[in-house]
Amino acid sequence: MPDYDTLKLAWWALIVALLIGFAVLDGFDIGAAILLPFIGRDDTERRLVINAVGPTWEGNQVWLVTAGGALFAAWPLVYAAAFSVLYGALMLVLFGLFLRPVGFDYRSKLADPRWRGGWDWALCAGSVLPALIFGVAVGNLFVGLPFAFDEQMRVGYAGRFVDLLNPFSLYCGVVAVAMLTGHGAAFLATKTQGALQSRARRAALAASVATAALFALGGVWIAQREGLTVAAIGDVGAALSPLAKTVVPTADWLGNFRAHPTLWAVPALGVALPLLAGLLAHGRRPRLALTASAAGVAAIILTAGVALFPFVLPSSLDAASSLTVWDATSSHKTLALMLGVVAVFLPIILVYTRWVYRVMRGPVTPERLDADTHSY
Amino acid sequence: MLPAADVVELSRLQFGLTAMFHFLFVPLTLGLSWILVICESVYVMTGKTIYKDMTRFWGKLFGINFAMGVTTGLTLEFQFGTNWAYYSHYVGDIFGVPLAIEGLMAFFLESTFVGLFFFGWDRLSKRAHLLVTFLVALGSNLSALWILVANGWMQNPVGAEFNLDTMRMELTSMSAVFFNPVAQVKFVHTVAAGYVAAAMFVLGVSSWYLLKARDTGFALRSFAVAAGFGMASVLSVIVLGDESGYTTGEVQKVKLAAIEAEWDTHPAPAALTLFGLPDQAAERTDYAVKIPYLLGLIGTRSLDTPVTGIKDLKKEHEARIAGGIPAYDALVRIKAGEDTPALRAQFDAHKADLGFALLLKKYTANVTDATPAQIRAAAADTIPQVAPLFWSFRLMVGLGLLFLFIFAASLWFLVRRNLAPQRWLLRLAVFAIPLPWIAIEAGWFVAEYGRQPWTISGVLPTRLSASALDVGQLQFSLIGLVGIYTLLFAIEMFLMLKYIRLGPASLATGRYHGETPATETRHA
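Those sequence lines, one after another, are chains A and B. Take 1 as the starting number for the first sequence in our numbering and just add one per residue. Take 1 as the starting number for the second sequence in our numbering and just add one per residue.
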């Protein structure tokens with residue numbers, strides 16, 4: 001069995017990887033649905049957008065479900081504290097996500113334009129809401145969430161839902177919406193043709209440039225915000241109680257970058273890659289644009305992870321209650337077991353997911369929609 | 001700080017509503033996916049287009065149902081964290097494992113291939129498409145396996161141990177968790193019940209077409225598949241009924257006693273109470289009709305094991321509550337810094353009953369100062385209301401026997417090629433469509449309401465498991481969930497009925513009822 005501290009680090013990497021998997025894969029169908037009512041001018045165009053993501057979006061969303069399950073198994077304290085302190089926000093995410101499976105599947109089952117129009121907006125709202133709130137949640141990690149543990153590890157809260165809507169967190173929400181919209185547009189550019197494709201390319205350019213600019217400005221903002229650092233902690237290779245460490249405030253959240261300057265490459269890519277994606281989309285290289293966009297999404301998420309490290313859930317109420325990779329994890333045995341499970345199944349998942357994308361390759365066209373009665 | 005009592009009750013209400021609502025869609029997914037595999041296999045083997053049409057039509061209804069299953073399943077993946085934070089911390093080390101494996105092994109498989117099931121007809125060879133359909137069925141059923149491993153652990157928490165330093169239960173043996181007899185029995189029983197629901201659905205809808213004398217070739221073939229599949233499934237449900245899972249695990253014994261209204265422990269083998277009127281206050285069952293030996297045989301699979309009665313269980317629990325107090329006492333003092341070997345020894349000697357001592361939290365925050373009256377009250381709490389369990393169980397079993405009759409009669413008249421004149425049977429099959437769902441929800445009610453006052457049997461009381469939210473938050477989520485679920489359910493039922501009425505004509509092949517080309521006779 002690998003050392004406990006190695007496993008703790010491995011699980012940080014895996015959770016970040018699952019979240020990146022979610023944002024990169026489900027991200028483009030969220031982005032496509034956000035754009036749906038704006039980019040599709042008539043019913044056929046909207047059906048093209050929906051059918052571009054239709055065959056694969058369901059598998060993509062499992063990245064979110066599995067990230068939830070993995071969080072539960074590997075970081076039960078984070079799962080418990082984050083989801084309950086973000087109660088109202090998470091309920092809104094769910095309410096949004098509810099509209100997507102039924103929206104994709106039910107929209108084209110009736111021809112009535114009001115029915116279809118209603119579902120188009122439901123899909124859009126059901127995609128904007130999770131994107132926005134996930135961004136707000138990440139922003140609140142930097143602000144700190146209002147929770148604290150008692151000695152029996154029962155989590156208590158202070159503050160209200162509206163406190164989550166502070167300017168910095170809302171700003172992060174906007175970054176997330178821009179990021180996934182750009183990513184969705186880049187994807188649509190690879191799957192569509194003609195006028196719809198040129199609209200997708202323009203949207204990809206606009207949203208990606210906005211993402212890069214907003215993300216860079218966010219970096220400036222974060223340099224002004226107080227951060228946290230672990231001053232003292234027990235043996236990270238052993239089981240630790242979160243309450244047993246000492247956490248002190250620091251000037252900002254950039255300490256990791258100063259300590260390891262090569263890490264600056266991550267946020268730099270977070271700015272450069274979306275810009276590149278936008279330019280490639282504009283320059284009629286949609287597949288390369290999608291690749292750059294996916295890498296850009298990964299870089300942006302990784303930037304947040306690296307900046308916070310070793311914290312995963314900072315507390316604004318009681319600094320010592322803040323959860324880190326060292327003291328929020330499951331037991332040594334569970335981490336080792338789950339790592340084995342992931343090592344077996346993740347490669348299999350990637351292989352069959354790739355196969356499904358290969359089978360469904362090629363653009364969606366109005367002719368294909370008409371030929372297949374199973375189209376959405 | 002403990003969550004307020006009404007927050008716990010509202011959280012229970014929310015969990016119960018969302019879980020039971022989710023389980024309106026799960027059974028059809030579990031069973032219909034295999035029916036699709038059966039139809040498509042016949043298509044691949046015989047090359048007859050009608051079996052492809054059957055796969056595609058029932059697949060359409062599968063899709064309408066599947067979307068709701070995905071929608072409502074999302075809530076459950078996150079609800080442990082939102083509403084049951086202490087539970088999530090306390091048992092996440094074990095309980096999170098099957099949930100995460102479910103995602104990785106099963107839900108990915110099911111969801112990645114379900115798109116290809118619908119969109120892959122023209123892009124895949126016949127055999128490759130059949131493989132895709134099979135993988136969807138396999139994924140959904142594996143999903144049920146891991147969820148029931150998780151649920152079985154709540155009923156009978158094996159392979160885990162409390163860790164004082166981390167204040168939680170930790171995994172000691174994954175194989176014990178996986179091969180937990182309660183989980184294994186529950187899995188077989190639950191998926192087989194899902195197959196029954198799906199078979200009844202196809203049987204009932206096909207019967208409706210037969211009654212209307214439309215698409216008879218299509219309907220008769222579907223009816224035959226459903227009758228065969230349903231018969232095999234209903235036999236599994238009844239023969240492998242999960243009563244055999246009631247002998248291990250504390251809460252399981254209580255449930256067995258409660259569903260049978262066994263107030264006293266009788267000499268083995270116990271008699272089965274067929275009917276009666278359970279009286280909780282007087283601890284007796286009036287007008288009981290009993291069948292000798294039967295409960296002992298079904299419940300313990302032996303002639304010499306007694307079934308412990310409620311009164312004795314309550315006495316045992318009273319002793320365990322008192323026995324757990326020293327463990328809690330040691331725990332609190334160790335956490336306060338008084339970490340001595342003597343206290344650790346005291347804790348270890350009593351830790352098996354720690355969960356029982358936590359039941360006292362409802363009556364006294366300190367636990368250690370509990371009075372004998374409080375201990376008695378906490379012991380009384382370990383016995384759920386008998387009457388609802390007694391009646392739900394009988395409703396479930398009675399419906400199961402009705403399904404057995406319907407499938408048996410269906411097969412009988414099919415084999416004798418004399419189905420069409422049996423309009424009473426066809427009508428009964430239509431009428432019976434919703435009944436498996438009632439039986440299934442009744443079964444879940446028995447399993448989960450019967451689990452109270454625990455979330456984890458003998459380990460963690462429900463009262464302690466909830467997040468310390470406020471009532472307003474629960475009101476917000478409940479109103480949102482109930483509102484959206486109701487709306488989506490109405491839409492789903494509307495679409496389902498619309499496509500059932502359209503029938504296979506919805507495939508636009510030009511071969512079915514209501515379509516212009518008169519090729520219908522070819523299949524009749």
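Treat the hints with care, as some may be off.
As the list claims (entries may be wrong) - Under the rule of at most 27 Å between Cα atoms (straight-line distance), these lysine-lysine pairs were calculated in the DSS-like manner:
#	chain 1	residue 1	chain 2	residue 2
1	B	K335	A	K245
2	A	K109	B	K351
3	B	K351	B	K314
4	B	K311	B	K48
5	B	K212	B	K314
6	B	K314	B	K48
7	B	K361	B	K335
8	B	K212	A	K109
9	B	K212	B	K52
10	B	K290	B	K315
11	A	K109	B	K290
12	B	K126	A	K333
13	B	K498	A	K109
14	A	K333	B	K335
Unchecked claim - Here are a few chain A residues that face chain B, going by a calculated C-beta distance under 10 Å:
#	residue
15	A81
16	V162
17	A195
Source of the hints: derived by calculation from the structure; they are not laboratory data. The C-beta atom is built at its ideal place from N, Cα and C for all residues, glycine as well.
Which of the numbered hints are not met once you compare them with the structure shown?
The structure conflicts with hints 2, 4, 5, 6, 11, 12, 16, 17, although it agrees with all the remaining ones.
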